[in-house]
Amino acid sequence: MTDLTTAVPAATGAAEPRPRRRARRLPPSLVVGAVLVGLVALVGLVSLVWTPYALDDTGDGARLAGPSAAHWGGTDRLGRDLLSQLMAGAGNALVVAVASMVVAGVLGVTVGVLAGATRRWVDVTLLSAVDLLIAFPTLLLAMLIVTVRGASLWSAVWAIGISGSAVIARVTRVNVARVLREDYVTAAHAAGTGWWGTVTRHVVPNVWPTLLVQLMLLGGGAVLAEASLSYLGLGAPPPQASWGRLLQEAQSTMLVQPWGAILPGVAIVVTVLGLNLLGDGIRERTDPNLRGDR
Amino acid sequence: MTALLSVDDLRVETSTGRTLLDGVSWSLDAGGRLGIVGESGSGKSLTALAVLGLLPEGMRATGRVLLDGTDLLTLPPRALGRVRGAQVAMVFQEPLTALDPLMTVGRQITGPLRLHRGLRGSAARDEAARLARLVHLTDTERILRSYPWQLSGGQRQRVALAMALACEPRVLLADEPTTALDVTVQAEVLDLLDDLVDRTGVALAFVSHDLPVVARVARDLVVMRDGRVVERTTVADALAGGEAAYTRDLVAAARAVTGLPTPTRTAPEDAR
Amino acid sequence: MSTPTPARTPVLEAVDVARTFGSTRALDGVSVRVEPGRSIGIVGESGSGKSTLLRQLLALDSPTAGEVRFRGQRLDRRDRGLLRRLRADVQPVFQDPRSSLDPRMRIGAVVAEPLRSLKVPGDHRARVVEVLASVGLDPEVASRYPAQFSGGQRQRIAIARALAPSPSVLVADEPVSALDVSVRGQVVDLLHGLAATQGLTLVLVSHDIAIVGRLCERTVVLHHGRVVEEGPTASVLADPQDAYTRRLLAAVPQLPVG
Numbered sequence: 011m012t013d014l015t016t017a018v019p020a021a022t023g024a025a026e027p028r029p030r031r032r033a034r035r036l037p038p039s040l041v042v043g044a045v046l047v048g049l050v051a052l053v054g055l056v057s058l059v060w061t062p063y064a065l066d067d068t069g070d071g072a073r074l075a076g077p078s079a080a081h082w083g084g085t086d087r088l089g090r091d092l093l094s095q096l097m098a099g100a101g102n103a104l105v106v107a108v109a110s111m112v113v114a115g116v117l118g119v120t121v122g123v124l125a126g127a128t129r130r131w132v133d134v135t136l137l138s139a140v141d142l143l144i145a146f147p148t149l150l151l152a153m154l155i156v157t158v159r160g161a162s163l164w165s166a167v168w169a170i171g172i173s174g175s176a177v178i179a180r181v182t183r184v185n186v187a188r189v190l191r192e193d194y195v196t197a198a199h200a201a202g203t204g205w206w207g208t209v210t211r212h213v214v215p216n217v218w219p220t221l222l223v224q225l226m227l228l229g230g231g232a233v234l235a236e237a238s239l240s241y242l243g244l245g246a247p248p249p250q251a252s253w254g255r256l257l258q259e260a261q262s263t264m265l266v267q268p269w270g271a272i273l274p275g276v277a278i279v280v281t282v283l284g285l286n287l288l289g290d291g292i293r294e295r296t297d298p299n300l301r302g303d304r
Numbered sequence: 420m421t422a423l424l425s426v427d428d429l430r431v432e433t434s435t436g437r438t439l440l441d442g443v444s445w446s447l448d449a450g451g452r453l454g455i456v457g458e459s460g461s462g463k464s465l466t467a468l469a470v471l472g473l474l475p476e477g478m479r480a481t482g483r484v485l486l487d488g489t490d491l492l493t494l495p496p497r498a499l500g501r502v503r504g505a506q507v508a509m510v511f512q513e514p515l516t517a518l519d520p521l522m523t524v525g526r527q528i529t530g531p532l533r534l535h536r537g538l539r540g541s542a543a544r545d546e547a548a549r550l551a552r553l554v555h556l557t558d559t560e561r562i563l564r565s566y567p568w569q570l571s572g573g574q575r576q577r578v579a580l581a582m583a584l585a586c587e588p589r590v591l592l593a594d595e596p597t598t599a600l601d602v603t604v605q606a607e608v609l610d611l612l613d614d615l616v617d618r619t620g621v622a623l624a625f626v627s628h629d630l631p632v633v634a635r636v637a638r639d640l641v642v643m644r645d646g647r648v649v650e651r652t653t654v655a656d657a658l659a660g661g662e663a664a665y666t667r668d669l670v671a672a673a674r675a676v677t678g679l680p681t682p683t684r685t686a687p688e689d690a691r
Numbered sequence: 429m430s431t432p433t434p435a436r437t438p439v440l441e442a443v444d445v446a447r448t449f450g451s452t453r454a455l456d457g458v459s460v461r462v463e464p465g466r467s468i469g470i471v472g473e474s475g476s477g478k479s480t481l482l483r484q485l486l487a488l489d490s491p492t493a494g495e496v497r498f499r500g501q502r503l504d505r506r507d508r509g510l511l512r513r514l515r516a517d518v519q520p521v522f523q524d525p526r527s528s529l530d531p532r533m534r535i536g537a538v539v540a541e542p543l544r545s546l547k548v549p550g551d552h553r554a555r556v557v558e559v560l561a562s563v564g565l566d567p568e569v570a571s572r573y574p575a576q577f578s579g580g581q582r583q584r585i586a587i588a589r590a591l592a593p594s595p596s597v598l599v600a601d602e603p604v605s606a607l608d609v610s611v612r613g614q615v616v617d618l619l620h621g622l623a624a625t626q627g628l629t630l631v632l633v634s635h636d637i638a639i640v641g642r643l644c645e646r647t648v649v650l651h652h653g654r655v656v657e658e659g660p661t662a663s664v665l666a667d668p669q670d671a672y673t674r675r676l677l678a679a680v681p682q683l684p685v686g
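Residue numbers (the numbering used here), protein chains in the order written: chain A, 11 to 304; chain B, 420 to 691; chain C, 429 to 686.
Treat the hints with care, as some may be off.
[Claimed, not checked] Incomplete in silico selection of chain C near chain A, CB under 10 Å:
#1 Gly450
#2 Ser451
#3 Arg453
#4 Arg532
#5 Val557
#6 Ala561
#7 Pro574
#8 Val599
[What the hints assert, rightly or not] Covered stretches of chain C (chain A as the covering partner; in silico rule of three or more C-beta atoms under 8 Å from a C-beta of chain A):
#9 519 to 530
#10 635 to 646
[Claimed, not checked] Some chain C residues close to chain B (C-beta under 10 Å, calculated; not the full set):
#11 Leu488
#12 Asp489
#13 Gly579
#14 Gln682
In case anyone wonders, no lab produced these hints; they're calculated from the structure.
What you are looking at is a predicted structure, and each value in this text was computed from that prediction instead of being measured.
Beta carbons are placed, not taken as given, at the ideal position from N, Cα and C, and that holds for glycine.
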């Protein structure tokens, strides 16, 4: 089966460099994902400087109203504008997603590289810790952190980031170990490249695309996790807006004003879907098996 | 003379419209020995896969692949499945991929015997032992009870050959069957193939990048390059100087780097 | 070519080297002398221990018994200074240029890597152009990625990388077996030419006794971790003493002279 994968008739003379066919067309999942995430990010950014109403503005008293010209998304049980709450929630959700990705990325990559690229006992020790962390429920971790630091956006970020770092560490370790077995790493060692040079020049560049995909998926998970934590009252406290708390508040009034539940629900779905599609798109774009000619 | 298996104007295209095989034609007579030689990217393996209807997802074959007058390309999948294995068998470069790691070698050989030839129980076991002896496996009893990973590369390839021959196929397609083997083992497997064709009368299509290996077992020769057939000839004629310039280049390259240099030609100076 | 003096110190020498992995003896008392400016071929099939021996000669692994000497000095993987001198002087070329070049590095960076890592003084960019030219490649390839090249070109790039720090020894591990037949000859010629014009010492590790026969003055045959035969290539090919060598020679597929 040697030439099945290279069965492309490449009319090359021996000394003529083969022009690389670079796929100019972006994968659709990348485009759709970027658009969705971009939309949410834009709304979140706008909410920092402008929302139709102030977040704590109970207005003229129209409570639990349906969508109208004055309140496009309707109002909640205190008469606050739902659209404004939703917009501010977008910013909140993205801050949580990005910050959790950073926490999980820094922690996970450090642990993964140390486990995969140093001594065996470091690997065994770190992996046991990672396994323990994977088995540890995010919710329990969040409760512990909230107990210590109080309920806030950043408590949620730490909880989600730390528990997410376990998966990132595992993925990093597997990929680091794979790259270290490649001939080009042996070649680098024989060329005098040390541990640090090997990690920074060969391992990280060959591992990061896979990690970026994992981090995107983690970001989607973080949005969901933050919504759950806020729903349970372990997330950002009022007056900060959060989609999870919007859901929780709307729960008792679902039958009177369904928009209060539908809108944050849709917002969560769009954001998570966007991040997952973005992850898939990056995978398609950077997978070395899909480019080059191997 | 009517051919047993003939490939007529075979084209393979990807879903994006790229042509991978372009007008490939050759034929194999009953008991014939055809070598298909080409470098990487020539489409030689793809040709073998197309004949068996095993093209990867997204590739489409047109043209005709006639086995005894039946066009395999138009055959429905079920009928094609019966042809595969029963009439046309295949061995690959890496026999491990063709063998189920969770099944003993004996069960893997008796499987097709049960399926295609209706052999049961001791009849199937006896036939499996006969096949194992046919491919010169020594210590048959132990090997039939082993799992694929317990065998050496050469033993695995013999087992793969025994499985391929289990249903007494009329055509054996061998795709680089000795490329992954050590030179000494390769020589044994080539001898075995030679011997099997003589004894069972199976027609052999042998695909390889390695001209000296092909020349060892084949009589007719198809030279491929970039998805096309460059020349259809015989091994003897090609070695005597082929029609096509590419064939001559291939022969010259093979002479230059494979095979042993006669000491008079290189005469490395004595070290001391 | 320099004139051989029998008492010269070998560049690389394995002295009674053994390497065991668990209960497997990959190398069992192997001694090989690599004389400066000469070419030596190490032939063996899978399981012969040739790859293990190669790793020993490149100081990528340590022997369980015996020693490897570099210019007369015993190699110790903790001796940084000696190791640095070895890395600058002994460069490897691997079998599969698809995996021996980092797919995410530009060719220029690939070829310059030994220069950077070994902190070789001088203009790295100029040296890259120079070694690319010596393997028959255009300087403009430096800005491209490995995937844009054919197997033969990639092997040339790998050879250029090996030449970059001006080593005196090239250790080539099956340098042509992953290549198409028509390209093999070019790479063999290239290695041959480089060895001749730059006075390089060549260590060729291969399962293919034919390639060794074309490139090397001396041949060592390894079988099950032991040296079964050693001598000038011409006499090993013409008059093999060991039964295994004879079997190996008989197995080489030959084109009948036409």
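Right, here's what the structure says about each hint:
no., hint, verdict
1, Gly450, "violated (15 Å)"
2, Ser451, "violated (20 Å)"
3, Arg453, "violated (23 Å)"
4, Arg532, "holds (5 Å)"
5, Val557, "violated (16 Å)"
6, Ala561, "violated (13 Å)"
7, Pro574, "holds (8 Å)"
8, Val599, "holds (8 Å)"
9, 519 to 530, "holds (count 10)"
10, 635 to 646, "violated (count 0)"
11, Leu488, "violated (24 Å)"
12, Asp489, "violated (23 Å)"
13, Gly579, "holds (7 Å)"
14, Gln682, "holds (5 Å)"
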